[in-house]
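Q: If you want the building blocks of each chain, they are given just below.
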Amino acid sequence: MIAQFAQLTPLLIIVFAALLLLVITLWKRNSPARLRDIPALTRLYRVLGLSIEDGSRLHISLGHGSLLDARGGSALAGLATLRIVAEKTSVSDMPAVASSGDAVLGLLSQDTVQAGYQAASVEEFYSHTAGRVTGLTPIGFAAGAMHISRNEKVSTTIMLGHFGAEAALIADASDRDSIPMIGASDNLSGQAVLFANTQDELIGEELFAAGAYLGAGTAHLASLTVQDVLRWLVIAALVGGAAIKFLGTI
Amino acid sequence: MRVITAVIAIATGVLILFGYFFEAFAPIQTLLLNWAVILAGVAVLVGIFNLFTVHMDKIRRGEKGGVYSALLIIGLAATLFFGILLRPQHSIMQMVLNGIIVPTEAALMGILTISLLYAAIRLLRRRTDLMGVIFLITAALLFLGSATLPFGDIPIVGTLIRPWVSQIWALGGARGILIGVALGTLTTGLRVLFGIDRPYGGQ
Numbered sequence: 001m002i003a004q005f006a007q008l009t010p011l012l013i014i015v016f017a018a019l020l021l022l023v024i025t026l027w028k029r030n031s032p033a034r035l036r037d038i039p040a041l042t043r044l045y046r047v048l049g050l051s052i053e054d055g056s057r058l059h060i061s062l063g064h065g066s067l068l069d070a071r072g073g074s075a076l077a078g079l080a081t082l083r084i085v086a087e088k089t090s091v092s093d094m095p096a097v098a099s100s101g102d103a104v105l106g107l108l109s110q111d112t113v114q115a116g117y118q119a120a121s122v123e124e125f126y127s128h129t130a131g132r133v134t135g136l137t138p139i140g141f142a143a144g145a146m147h148i149s150r151n152e153k154v155s156t157t158i159m160l161g162h163f164g165a166e167a168a169l170i171a172d173a174s175d176r177d178s179i180p181m182i183g184a185s186d187n188l189s190g191q192a193v194l195f196a197n198t199q200d201e202l203i204g205e206e207l208f209a210a211g212a213y214l215g216a217g218t219a220h221l222a223s224l225t226v227q228d229v230l231r232w233l234v235i236a237a238l239v240g241g242a243a244i245k246f247l248g249t250i
Numbered sequence: 001m002r003v004i005t006a007v008i009a010i011a012t013g014v015l016i017l018f019g020y021f022f023e024a025f026a027p028i029q030t031l032l033l034n035w036a037v038i039l040a041g042v043a044v045l046v047g048i049f050n051l052f053t054v055h056m057d058k059i060r061r062g063e064k065g066g067v068y069s070a071l072l073i074i075g076l077a078a079t080l081f082f083g084i085l086l087r088p089q090h091s092i093m094q095m096v097l098n099g100i101i102v103p104t105e106a107a108l109m110g111i112l113t114i115s116l117l118y119a120a121i122r123l124l125r126r127r128t129d130l131m132g133v134i135f136l137i138t139a140a141l142l143f144l145g146s147a148t149l150p151f152g153d154i155p156i157v158g159t160l161i162r163p164w165v166s167q168i169w170a171l172g173g174a175r176g177i178l179i180g181v182a183l184g185t186l187t188t189g190l191r192v193l194f195g196i197d198r199p200y201g202g203q
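If you read the sequences in order, they're chains X and Z. According to this note's numbering, the first sequence holds residues 1 to 250 in order. According to this note's numbering, the second sequence holds residues 1 to 203 in order.
Source of the hints: derived by calculation from the structure; they are not laboratory data. Hints may be right or wrong, so weigh each one.
[What the hints assert, rightly or not] DMTMM-like mimics (lysine to aspartate or glutamate), calculated; alpha carbons at most 20 Å apart, straight line:
1. Z:Lys-64 x X:Glu-124
2. X:Lys-28 x X:Asp-228
3. X:Lys-153 x X:Asp-54
4. Z:Lys-64 x X:Asp-228
5. X:Lys-153 x X:Asp-228
6. X:Lys-153 x X:Glu-53
7. Z:Lys-64 x X:Glu-53
8. X:Lys-153 x X:Asp-177
9. X:Lys-153 x Z:Asp-129
10. X:Lys-153 x Z:Asp-57
[As the list claims (entries may be wrong)] Simulated restraints, written as ranges between beta carbons of each label pair:
11. X:Ala-6 x Z:Ile-134: 35 to 43 Å
12. X:Pro-32 x Z:Lys-64: 39 to 47 Å
13. Z:Gly-75 x X:Val-122: 18 to 26 Å
14. Z:Ala-77 x X:Ser-178: 30 to 38 Å
15. Z:Tyr-68 x X:Val-122: 26 to 34 Å
16. Z:Ala-106 x X:Val-229: 27 to 35 Å
17. X:Arg-150 x Z:Ala-170: 46 to 54 Å
18. X:Val-91 x Z:Thr-79: 24 to 32 Å
19. Z:Tyr-20 x X:Val-239: 45 to 53 Å
20. X:Ser-178 x Z:Ala-170: 29 to 37 Å
21. X:Arg-36 x Z:Ala-107: 41 to 49 Å
22. X:Val-122 x Z:Ala-107: 25 to 33 Å
Keep in mind that this is a model prediction, so the values were computed, not measured. Here a beta-carbon is modelled for each residue, glycine too, at the ideal position from N, C-alpha and C.
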């Protein structure tokens, strides 16, 4: 009985999170968004507008996370951000360009950019070269992506997805051309590298908050609330577990 | 069309999720995952075609770095042609792999080491806040504590401070970050499962 319950616990957590997400999405539909200040995401919002005004391009790098494994979450978060960026920059002379190190992710990035163009009613300007697969190994991907910032009049490099230490190559290329960077990774090595290379850091789950800060919709705002609720539950479980263990040893 | 793709994506996601918890759904989950692997293989071919068209465009427009694009396309075409003709196990193909591809990636790994070191030096110029200082001091302590030195471990740093920092502070912090990432992944996955985020087209 206990073993069965333990096996179903993850499903129960998923169902609980799903219900919470639905309820909070409906609840937040008419209430204004209140978000804490994350400097990197505030800057991301600002560079979106600036890139259109100064006729420069944004380079969104989605990393090399495969959607067939656990790294897909960060890739999906990157795609959600790309969708908004593509829509807002599609009318620019220099629309955003996305790079990825996974073939499936590359296909989805093209689809996402195209959806952004459709939403802005400028689908005729869409080019499939806006979503690129720059390499299929981490280093190969970085080697291909680092040249985009250098050669294509990029004003800001945005890295959201799964990156390891190879993120330093892209960051270094951006830095040589004085191109500001905003970056977040679900990988600890990648996070350390991006922390050292960016002006404002995005740590841990802040990667998944980009959509909410760029105005992706109520569901993204609700996601943040669900994450907060679940985080407090995890904290309570950890502290409670430690207390029970401590009391048990007395 | 978009409704149909959304229905297919959501149904597939739910069936694969159920496969993890209920035995009855396990064969369907395996079947769907096998299909996904085959489709991912096809996507690699599409990705290579995309790489080819991007670099062909660069050459045609005479963009900066067009020479490198030409080299990439020649390399790509030659590898594909000889790979199909000779098979990947052939000694010449192995020589190409071991003599060109592996050393090139190794060289990039070497550059990566320098880039990381340079990033650490630049860190204080970029951010002179408390977090930046803590980051650098921690990295320096762990580096000194882990370095192989002719006289063995540095007293206290190697034997006491490094294990204390890496196994208590760093491990605790890493777990906290990973829990946050897991929660973010969960809510992102749910949004896709509900069809709120549709990376497969439209929103």
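Q: State the violated hints by number, sorted upward, taking the hints as numbered earlier in the document.
A: Of the numbered hints given earlier, those the structure breaks are 1, 4, 5, 7, 9, 13, 16, 17, 18, 19, 22, listed in rising order.
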